[in-house]
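The listed protein sequences derive, respectively, from chains R, D, F, U and E.
Per numbering that gives the first Met the number 0, the first sequence runs over residues 0 to 263.
Per numbering that gives the first Met the number 0, the second sequence runs over residues 0 to 222.
Per numbering that gives the first Met the number 0, the third sequence runs over residues 0 to 222.
Per numbering that gives the first Met the number 0, the fourth sequence runs over residues 0 to 228.
Per numbering that gives the first Met the number 0, the fifth sequence runs over residues 0 to 228.
Treat the hints as calculated values from the structure; they're not laboratory data.
Heads up, some of the hints might be wrong.
Going by beta-carbon spacing under 10 Å, a handful of chain U positions derived as facing chain D [said to hold, decoys possible]:
id : residue
1  : R71
2  : L195
3  : G215
4  : P218
Sample of chain R residues at the chain F side, in silico, Cβ under 10 Å [stated by the list, open to error]:
id : residue
5  : W112
6  : P115
7  : T116
8  : V119
9  : W123
10 : L134
11 : V146
12 : A150
13 : A152
14 : V166
15 : V168
16 : F173
17 : V175
Which bits of chain U does chain R cover? Going by a derived footprint, with three or more residues having C-beta under 8 Å, they are [as the list claims (entries may be wrong)]:
id : segment
18 : 14 to 24
19 : 201 to 213
Glycine included, each C-beta is placed from N, C-alpha and C at the ideal position.
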Amino acid sequence: MNAPARPAPWSRRTTWVVRSLGVTSAVGLALVVWLGLWVTPPDKTQHDLVRLVYLHPPIAWVALYLAFGIAVISSLLWLWPRTRSRQWDRLAAASMEVGVVFTALTLATGAIWGRPTWGVWWVWDARLTSTALLLVLQLGYLALRRVPSSAEARARRSALAAVIAGVDVPIVHFSVSWWRTLHQSATVLNPDLSPTIHGAMAWTLLLGFVAMSLAFAWLLVLRYRAEALAEVLDDRALDEALSERWAEGPDPSPAPGTPVGVGS
Amino acid sequence: MWRDALLVAAKDLRIEARSRVVLNQVAPFAVLVLVLFALALGPDRGPLRQAAPGLFWVAVLFASVLAVQRSAAVETTDSSRDGLRLSGIDPAGAFLGKAAAVALELLVLEVVVGAGALVLFGSSVRSPGALVAASLAGTAGLAAAGTLYGALSTGTRMRETLLPLLFLPVAAPVLLAGTRAWQAALGTMASSAGDPWVRILLVFAAVYLALGVVVFGALQEAS
Amino acid sequence: MWRDALLVAAKDLRIEARSRVVLNQVAPFAVLVLVLFALALGPDRGPLRQAAPGLFWVAVLFASVLAVQRSAAVETTDSSRDGLRLSGIDPAGAFLGKAAAVALELLVLEVVVGAGALVLFGSSVRSPGALVAASLAGTAGLAAAGTLYGALSTGTRMRETLLPLLFLPVAAPVLLAGTRAWQAALGTMASSAGDPWVRILLVFAAVYLALGVVVFGALQEAS
Amino acid sequence: MASAVLLRGAVALSGRFPALAGVDLEVAPGEVVVLFGPNGAGKTSVLRACAGLLAISQGDAMVLGHDLRRHRTAVRRVVGMLGHEPALYDDLTVAENVRFGVRAAGADPGAVDPVIERLGLGGRVRRTPAARLSAGQRRRVALAGLIARAPRLWLLDEPHAALDSEARDLLDDALREATASGATALVASHEPDRVLPLADRVVDMAGGRVTGQQRGQRPRQLPGGAHVA
Amino acid sequence: MASAVLLRGAVALSGRFPALAGVDLEVAPGEVVVLFGPNGAGKTSVLRACAGLLAISQGDAMVLGHDLRRHRTAVRRVVGMLGHEPALYDDLTVAENVRFGVRAAGADPGAVDPVIERLGLGGRVRRTPAARLSAGQRRRVALAGLIARAPRLWLLDEPHAALDSEARDLLDDALREATASGATALVASHEPDRVLPLADRVVDMAGGRVTGQQRGQRPRQLPGGAHVA
Ligand code: HEM
Ligand SMILES: Nc1ncnc2c1ncn2[C@@H]1O[C@H](COP(=O)(O)OP(=O)(O)OP(=O)(O)O)[C@@H](O)[C@H]1O
Ligand SMILES: Nc1ncnc2c1ncn2[C@@H]1O[C@H](COP(=O)(O)OP(=O)(O)OP(=O)(O)O)[C@@H](O)[C@H]1O
Ligand SMILES: [Mg+2]
Ligand SMILES: [Mg+2]
Chain R
0 MNAPARPAPW SRRTTWVVRS LGVTSAVGLA LVVWLGLWVT PPDKTQHDLV RLVYLHPPIA
60 WVALYLAFGI AVISSLLWLW PRTRSRQWDR LAAASMEVGV VFTALTLATG AIWGRPTWGV
120 WWVWDARLTS TALLLVLQLG YLALRRVPSS AEARARRSAL AAVIAGVDVP IVHFSVSWWR
180 TLHQSATVLN PDLSPTIHGA MAWTLLLGFV AMSLAFAWLL VLRYRAEALA EVLDDRALDE
240 ALSERWAEGP DPSPAPGTPV GVGS
Chain D
0 MWRDALLVAA KDLRIEARSR VVLNQVAPFA VLVLVLFALA LGPDRGPLRQ AAPGLFWVAV
60 LFASVLAVQR SAAVETTDSS RDGLRLSGID PAGAFLGKAA AVALELLVLE VVVGAGALVL
120 FGSSVRSPGA LVAASLAGTA GLAAAGTLYG ALSTGTRMRE TLLPLLFLPV AAPVLLAGTR
180 AWQAALGTMA SSAGDPWVRI LLVFAAVYLA LGVVVFGALQ EAS
Chain F
0 MWRDALLVAA KDLRIEARSR VVLNQVAPFA VLVLVLFALA LGPDRGPLRQ AAPGLFWVAV
60 LFASVLAVQR SAAVETTDSS RDGLRLSGID PAGAFLGKAA AVALELLVLE VVVGAGALVL
120 FGSSVRSPGA LVAASLAGTA GLAAAGTLYG ALSTGTRMRE TLLPLLFLPV AAPVLLAGTR
180 AWQAALGTMA SSAGDPWVRI LLVFAAVYLA LGVVVFGALQ EAS
Chain U
0 MASAVLLRGA VALSGRFPAL AGVDLEVAPG EVVVLFGPNG AGKTSVLRAC AGLLAISQGD
60 AMVLGHDLRR HRTAVRRVVG MLGHEPALYD DLTVAENVRF GVRAAGADPG AVDPVIERLG
120 LGGRVRRTPA ARLSAGQRRR VALAGLIARA PRLWLLDEPH AALDSEARDL LDDALREATA
180 SGATALVASH EPDRVLPLAD RVVDMAGGRV TGQQRGQRPR QLPGGAHVA
Chain E
0 MASAVLLRGA VALSGRFPAL AGVDLEVAPG EVVVLFGPNG AGKTSVLRAC AGLLAISQGD
60 AMVLGHDLRR HRTAVRRVVG MLGHEPALYD DLTVAENVRF GVRAAGADPG AVDPVIERLG
120 LGGRVRRTPA ARLSAGQRRR VALAGLIARA PRLWLLDEPH AALDSEARDL LDDALREATA
180 SGATALVASH EPDRVLPLAD RVVDMAGGRV TGQQRGQRPR QLPGGAHVA
């Protein structure tokens, strides 16, 4: 089940793929910044502020759907006995860790955007509120992971936590958006960008989504790799711990491997 | 499963009947939360009456954290650690039993807190049926989700702090929907459409009850 | 006494440094409380901004319950029960040490919650000095009173539920005075006289520190 | 017949530490095996693993025909454990504790009262909440629960500790009766004088492994005749 | 010289139940007294009362010259107790636990390391958090703390339970050394074979009272000579 999966050093090809993933996403992001800052036109009402549109929605998309989704799905895969493998635990952890950064960035870019647009850092808008709750859910997951325990117990516990929290996300989403929409007055101007988004802007935005997703994928691979390496270290440490543990007592008189039992 | 659920619920309720923790400590605590809010929000009556439904549900939420903590403590303090697991009880039954006991305790508590909120903030009830429906559905959800998280944080030796952190954000929809449903039932809100909110509460309860029945066994192993 | 206080504080802070319970669990919990209130009080901005100081202190109050619970749990979970009493440490020293550790943890936490409250509710600070003074004084008071009640509820096997019930009403003055002092410092209140409130906080802290030094020994026996 | 307990290369982690570092152990049905070994050798860990309370991360582990790594709930239904610290509900009385255990295991509640009397827990003690009991009384309650449940595998962790001489004899009798009627027992102990007469076999542990074994002094012959080495 | 322990008609309530129902007990300085008695007799309650953990509600109680009903803190400074369940901080390592205990008692921290080695708690165990220790290791840690603190009155509650034979010998040695240099000891036990050789006197308890006493087998004669009844 949990046979020690030992990642060999990355093959040349893997290294190359990962590296180009990093380079591509970096170039993509640089391109987005360039397009966003210099090529696309400023907005009529929002002026240069509109340029945040190329960063903030892609970040939010990654945080909300990609990161959390991957974490929940891989947790489910860990829980399902047929597909159980340490890889899914690793992936869930990596995704949640990178995801929490993106969620924080969503909040940060949104707040920075909100300050000039709304005149305040924060409003109790549906999306904002559910993003804040999502951040707390993710922090809770990470806090749970940090509780000292054996790898198996930690994997099980955090997979369950991810699933239990995961089923809540849609409920949060609906209830929070009804909360806003069913309420009498939307005192806050909703950040509906003009539907006349086109040309360079649309392409830049699309590129933003792609580049941000690639960046996420790259970070995810790195975190996953780090988790895997940490597990290799754990396995080595376990080997050492095993021989240290054996040294606490004399050698077994029937050779190890044969169950000491009736008739032996 | 049902037999085990009954057995566990009866045990938890007997312990509660004997120690009176929820009745004598958690219920006053919930009323206290109401009073503290009244203090924090200032002495003006208008805003307070507006806020009554929300404050009721905040108080219930915090009280449910304590009730769940108590319910988990019964299984883990000192000596009874591992007791439930060793007893060979069906995990789904254990989950339903514990959740049912918590729900029952919370319902009693809500009567107290609800009465407190109505009196303190001087609200009047427009449609009591809706009020009760929302409370029942919300309570079932809180008890189910709470019991799940109680088991999750049990093995960690940090139950006191981990449980509220994990449980409260998940319970946020109950707070929200419960508040709205109460607002509709009390008529403090312009729109009186409480029904969709009750439906959210029902969905929440159903989802977590089902989830609990399925995963509680795995949860108990995770320590 | 002072030597013992240092010893105990160092021990508690070392345990916190190792387990990170307050930092990783209680601090996010406190921020969460802010968000939950916003949910309960509805999305309108005006009332929320008005309520910011109160909500900050409510969040700190709840967080301090958890911090104290954790601090008491360290002395009583399972095995260490009676440990502190048997160690022969001067009770006054034990009290000061435990209170100091809790106060330090709360201060770190308040920075997080305070920043959160200012951003979430969109307040701006008029006199940061007053803000800090009120927070320091309030924290000392909460830590002192909390440690007292932590010891009181320790022997009872119902710590989780008894502590909040006993501690919160006693801490109500801190909530009130802290809120008023912050309102003055944030300028959300018409009158800007925060000083008397800070003085109340100081008196509260002084009283409970003195009380703790005197009665902690007796409290430890009360189980 | 299959073994009652079969561990092969069993590794179990406590945190990151291998509390069990490759345990090989086989116990035949009806056998009484005693575990000896210095403090920290892993005796408690073996018992907890057999009760499904400690996860085995490598190796094979079967208990009464159930795979310990898959069907822990099934294992728990047929296994009874008396741990260092007995598992009781502090707020329930002695009688209620025993009754809950018996009902939970689906055993006959009629067995509760006789067993309580037999273990000297009648009268005042019967109505005392478990939190107020003395250390020895707590273990008596746990033992009563075990007897009333009649598990097929008894896991006893230093069962004689805290018991007075009367209760020690009661324990020995109960164990003899149970094993006479087919139950198996795995007993960790530091008191050779006390447990050797009960044991078919003594297994030595150290450093998370089994390091050797000797014959015990239990008079009865095992069904298979040749089982005792 | 005054008695080390003097209880006269001591009554102590646990809830409403008289766990001690009029105990009369006198222990001379330097004496080793063993308490015997069935489960629930009140042995632990006597020890807890002497440590100032259980309030005495009637009768006289003096420990090392301090009135137990008034100056419990003073008593605790000179008394050391090893309870059924040793008092350790779960999150602190073995070394930290011992060091905290020694510092708290104002004893010499230099004694910590030798005592840890002596009790076989060096190496890996030294750095293990107390929560992860085996039952016997926990008691070893508590014992290490006691030795390093060198209290004037040792209160030992079934001290041999959970210890392996090596640790049992270490315990006996430590107790012999301590009493040889003037400390007094009160020991509750269910293992006569083990404690009789250590005891100057054996006191029988039942029903919360002292019901009789015999001579122990400890070779040394008491200073007062006549103390042994
Ligand atoms: C702290 C503040 C903010 C947070 C937490 C936040 C959060 C989010 C999230 C979670 C999404 C993704 C929604 C989805 O895909 O369903 C999003 C999208 C978006 N946000 Fe924000 N936001 C914030 C502030 C702002 C501000 C100030 C603006 C502009 C004035 C803005 C404009 C947008 C736009 C244009 C999108 C993408 C289009 C859409 O999905 O409707 N956001 N934001
Ligand atoms: N996280 C950890 N780090 C270091 N050591 C650990 C850890 N967890 C467990 N151990 C060690 O694993 C062993 C567990 O042993 P176990 O409790 O099974 O011993 P035992 O044979 O029952 O001993 P005793 O006779 O004292 O009851 C102990 O030596 C303990 O120190
Ligand atoms: N509230 C109570 N109600 C009834 N009986 C009580 C109560 N509190 C304590 N007791 C009884 O008081 C006695 C306490 O005894 P104590 O723990 O001192 O026994 P002991 O001699 O140490 O026994 P052991 O050998 O089992 O450790 C027990 O018989 C217990 O049942
Ligand atoms: Mg053991
Ligand atoms: Mg005792």
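Okay, the hints, checked on the actual structure:
1. The criterion of a C-beta within 10 Å of any C-beta in chain D is met by U:R71, whose closest approach is roughly 6 Å, and the hint holds.
2. A cut of 10 Å between beta carbons decides the hint on U:L195: the least distance to chain D is about 28 Å, and the hint is violated.
3. With 10 Å as the threshold, the beta carbon of U:G215 stays out of range of chain D, its nearest partner Cβ sitting at about 27 Å, so the hint is violated.
4. Residue-level restraint check for U:P218 is violated (minimum Cβ-Cβ distance to chain D is 31 Å; threshold 10 Å).
5. The interface hint given for R:W112 is violated, since its Cβ lies 14 Å from the closest Cβ of chain F, which is over the 10 Å cut-off.
6. With a cut of 10 Å, the hint placing R:P115 at the interface with chain F is violated, because the nearest CB-to-CB distance is about 13 Å.
7. Annotation: interface hint on R:T116 violated; nearest CB of chain F at approximately 13 Å, more than 10 Å.
8. For R:V119, the shortest C-beta to C-beta distance to chain F is roughly 4 Å, which falls under 10 Å, so the interface hint holds.
9. A hinted interface residue such as R:W123 counts as satisfied when its beta carbon comes closer than 10 Å to some beta carbon of chain F; here the least separation is about 4 Å, so the hint holds.
10. The interface hint given for R:L134 is met, as the beta carbon of that residue sits about 8 Å from the closest beta carbon of chain F, less than 10 Å.
11. Hint status for R:V146: holds, given a least beta-carbon distance of 9 Å to chain F, under 10 Å.
12. Hint on R:A150 is violated. Least Cβ distance to chain F is approximately 19 Å, over the 10 Å limit.
13. Contact between R:A152 and chain F, as hinted, is not supported at the beta carbon level, the nearest pair being about 17 Å apart and thus beyond 10 Å.
14. Interface restraint check for R:V166: the shortest CB-CB distance to chain F comes to about 19 Å, outside 10 Å, so the restraint is violated.
15. Among the interface hints, the one on R:V168 is violated; its C-beta lies about 15 Å from the nearest C-beta in chain F, farther than the 10 Å criterion.
16. Look at R:F173: its Cβ only gets to about 14 Å from chain F, farther than 10 Å, so that hint breaks.
17. Here the hint on R:V175 is kept, as its CB sits about 8 Å from the closest CB of chain F, short of 10 Å.
18. Residues of the segment 14 to 24 of chain U lying with their CB closer than 8 Å to a CB of chain R number 8, which satisfies the three-residue condition for coverage.
19. For the segment 201 to 213 of chain U, the stated coverage by chain R is satisfied: 10 residues place a CB nearer than 8 Å to a CB of that chain, which reaches the threshold of 3.
The earlier numbered hints that this structure contradicts are 2, 3, 4, 5, 6, 7, 12, 13, 14, 15, 16.
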